[in-house]
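K.L.:
Sequence:
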Amino acid sequence: MSLKRSAISSFFWTGLEQFGNQGISLIISIVLARILLPEDFGLIGMIMIFVGVGNSLMDAGLSQSLVRSKSLSNTDYSTVFYFNFIGSCLFYLMIFALAPLIADFYEKPILTSIVRWYCLVFVFNAIGNIQKVRIIKNLAFKLLFKITIPSIIIGGIIGITAAYNDFGVWSLVASALTQSIVNALLLWFFGKWKPSLEFSKTKFKEHFEYGYKLTLSSLLDVLYRNIYAVVIGKFFSVTELGFYTRADTLKQVPVQNIGAVLNKVTFPLFAKIQDDDEKLKRAYQKIMQTVMLFIAPLLLFSAALATPLFRFLLTDKWLPAVPFYQILCWAGVLYPLNAYNLNVLKVKGRSDLFLKLELIKKGIGVCIIAISISYGMKALLISAVITSVLAFFINSFYTGKLIQYNSISQVKDILPILVIATLVTGIIWWLDTNYGIFVAYDIVRLLVFGILGLGLYLLLISLFQKKILNEAITVFTHRK
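Residues in the sequence shown are numbered from 1 upward in steps of one, following the numbering used here.
These aren't lab readings, by the way, just hints derived from the structure by calculation. Please note that a few of the clues may not be correct.
[Said to hold, decoys possible] Heads up, simulated DSSO-like pairs for lysine-lysine below, C-alpha to C-alpha not over 30 Å straight-line:
(1) Lys203 / Lys137
(2) Lys466 / Lys281
(3) Lys317 / Lys234
(4) Lys281 / Lys194
(5) Lys146 / Lys194
(6) Lys279 / Lys194
(7) Lys281 / Lys132
(8) Lys137 / Lys194
(9) Lys279 / Lys466
(10) Lys205 / Lys146
(11) Lys281 / Lys467
(12) Lys356 / Lys412
(13) Lys412 / Lys201
(14) Lys132 / Lys286
(15) Lys108 / Lys378
(16) Lys205 / Lys356
(17) Lys108 / Lys192
(18) Lys401 / Lys137
(19) Lys412 / Lys467
(20) Lys378 / Lys234
(21) Lys132 / Lys201
(22) Lys356 / Lys142
(23) Lys279 / Lys132
(24) Lys317 / Lys378
(25) Lys378 / Lys401
(26) Lys279 / Lys412
(27) Lys401 / Lys412
(28) Lys108 / Lys317
[To be verified] Derived CB-CB ranges, DEER-like:
(29) Lys192 / Leu93: 24 to 34 Å
(30) Ser374 / Arg225: 13 to 23 Å
(31) Leu456 / Ser374: 35 to 45 Å
(32) Arg282 / Cys89: 16 to 26 Å
(33) Glu107 / Ile386: 41 to 51 Å
(34) Trp188 / Thr75: 12 to 22 Å
(35) Leu359 / Phe235: 18 to 28 Å
Beta carbons: idealized from backbone N, C-alpha and C, even for Gly.
Build out the structure end to end from the sequences listed, making use of the hints.
P.N.:
Okay, structure coming up:
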């Protein structure tokens, strides 16, 4: 199969898996949000930093090294598998012991039990990780689709059933843990790979030398992304944290659906053309423009229609999350571009530069957060928008050097799309603010202004950015 046909097939099945994943997860989370209280989601938000750290330890550097490497043996996979599994168990035991201190930090005694049960997910994730790596490396995303969707559905059924029976926050714990266990079981059943009883110090050193910087970078990213939840949970109320986590989760739907689809495929795809800088640049440029073409209007239009969107999906009790969601949407626009710039560094084997950039970005971000805390929740979230913009220019610095595609060139390629999306967003917001109150049903309000905005956006794109639109159509219709 040619590289182009392989890419198209990968995009299709990854897209189906990702959209199915997020679509079903969204439905489940909406049902749970209608039953449970914001405080329940706030409690889970308080511990996500520990789950993220645990997953990063087994899912970042060494796994990425396996995906990037061109020649691998069963020894490579077995070595990384044992390291990941033993490491995740040791980390879980540490979190188990620290659970009472975590509960004391937030002044929430129930967190001791929640932490000890919920954090089992990264042990089960570690068990299935190498099976998943092999699937991704072989671009077998159709198989990944068959594994992921049943896991989510079964976990969702358990969670919703528990919520209806008044288990409260434990419904979320049960859902996450069930999904992780089922996913691991299915990965082993369909993956057909078994580790051999060997651990190679040479192989470990080879993958560790490339991967440890990515692991450190991933840990920094997890710590930083969750620092908002930690700060809100400590300095604000658990209810406000619940509103924040729900707003952030909803914002992540388009980011994860479009951004993660392309990110999951682009790394192994970029790895195949890592030695051809010109081809790598062209591939990156097309992917960047395509994802921005879709993600900018999805995020910004939903921000403009946030009030009817939240009321329709989650009921009136979640309306205080609307301003949080609107700010976070602006922060999420550049997220995929930041990820792709970093992917260029990874496929070029420059994990040292990757770590260097992460240290710089997170240092700046923490300073901005520290300054914004005293000005309230909105100021804290606005700091996320500022750091997202700064991160783009920092991430693209070395991309400009490695493949001659600097930040100025990237901005020129995406700016017309952003301008058009922002202009249409302003029109939608004005219409909804002035005339939305006359529409009796929120679903009608969303459909009318959403379709109107989409039509205007496509008209302006076809008039002023027809080349980009044609490129996107070419990708998704398989035309040459």
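K.L.:
Run every hint past the structure and note whether it holds.
P.N.:
Now the hints, each set against the structure:
1. Lys203 / Lys137: Holds - the C-alpha atoms of Lys137 and Lys203 are around 18 Å apart, at most 30 Å.
2. Lys466 / Lys281: Roughly 21 Å between the alpha carbons, so the hint for Lys466 and Lys281 holds.
3. Lys317 / Lys234: The given pair, whose Cα atoms are some 22 Å apart, holds under the 30 Å limit.
4. Lys281 / Lys194: Violated - the C-alpha atoms of Lys194 and Lys281 are around 38 Å apart, more than 30 Å.
5. Lys146 / Lys194: 20 Å, holds
6. Lys279 / Lys194: Given pair Lys279, Lys194 is violated - Cα atoms ~36 Å apart, limit 30 Å.
7. Lys281 / Lys132: Between Lys281 and Lys132 the Cα gap is close to 28 Å, so the pair holds against 30 Å.
8. Lys137 / Lys194: Distance of about 16 Å is within 30 Å: holds.
9. Lys279 / Lys466: Since the Cα atoms of Lys279 and Lys466 sit roughly 22 Å apart, the hinted pair holds (cutoff 30 Å).
10. Lys205 / Lys146: Violated. Lys205 to Lys146 sits at ~34 Å, over the 30 Å cutoff.
11. Lys281 / Lys467: The hint holds at about 17 Å.
12. Lys356 / Lys412: Holds: Lys356 and Lys412 sit about 26 Å apart, inside 30 Å.
13. Lys412 / Lys201: Roughly 47 Å separates the two Cα atoms, so the pair is violated.
14. Lys132 / Lys286: Distance ~27 Å between Lys132 and Lys286 Cα, so the pair holds.
15. Lys108 / Lys378: 25 Å, holds
16. Lys205 / Lys356: 21 Å, holds
17. Lys108 / Lys192: 43 Å, violated
18. Lys401 / Lys137: Measuring from Cα to Cα gives roughly 27 Å; hence the hint holds.
19. Lys412 / Lys467: 14 Å, holds
20. Lys378 / Lys234: With a Cα-Cα distance of about 16 Å, the restraint between Lys378 and Lys234 holds, given a limit of 30 Å.
21. Lys132 / Lys201: 23 Å, holds
22. Lys356 / Lys142: Distance of about 36 Å is beyond 30 Å: violated.
23. Lys279 / Lys132: At roughly 28 Å apart (the allowed maximum being 30 Å), Lys132 and Lys279 satisfy the hint.
24. Lys317 / Lys378: With Cα atoms ~19 Å apart, Lys317 and Lys378 stay inside 30 Å; holds.
25. Lys378 / Lys401: 37 Å, violated
26. Lys279 / Lys412: It holds: about 19 Å lies between the C-alpha atoms, which stays within 30 Å.
27. Lys401 / Lys412: Judged against 30 Å, a Cα distance of about 17 Å means the pair holds.
28. Lys108 / Lys317: Distance of about 23 Å is within 30 Å: holds.
29. Lys192 / Leu93: 24 to 34 Å: 31 Å, holds
30. Ser374 / Arg225: 13 to 23 Å: 22 Å, holds
31. Leu456 / Ser374: 35 to 45 Å: The hint (35 to 45 Å, Cβ to Cβ) holds, given that Leu456 and Ser374 are roughly 41 Å apart.
32. Arg282 / Cys89: 16 to 26 Å: Taking Cβ atoms as reference, Arg282 and Cys89 lie about 44 Å apart, which means the hint is violated.
33. Glu107 / Ile386: 41 to 51 Å: With a Cβ separation near 30 Å, Glu107 and Ile386 fall outside 41 to 51 Å, so the hint is violated.
34. Trp188 / Thr75: 12 to 22 Å: Check passed, 19 Å falls within 12 to 22 Å.
35. Leu359 / Phe235: 18 to 28 Å: Hint holds: Cβ distance 25 Å, inside 18 to 28 Å.
Consistency with the previously given hints fails for numbers 4, 6, 10, 13, 17, 22, 25, 32 and 33, ordered from lowest to highest.
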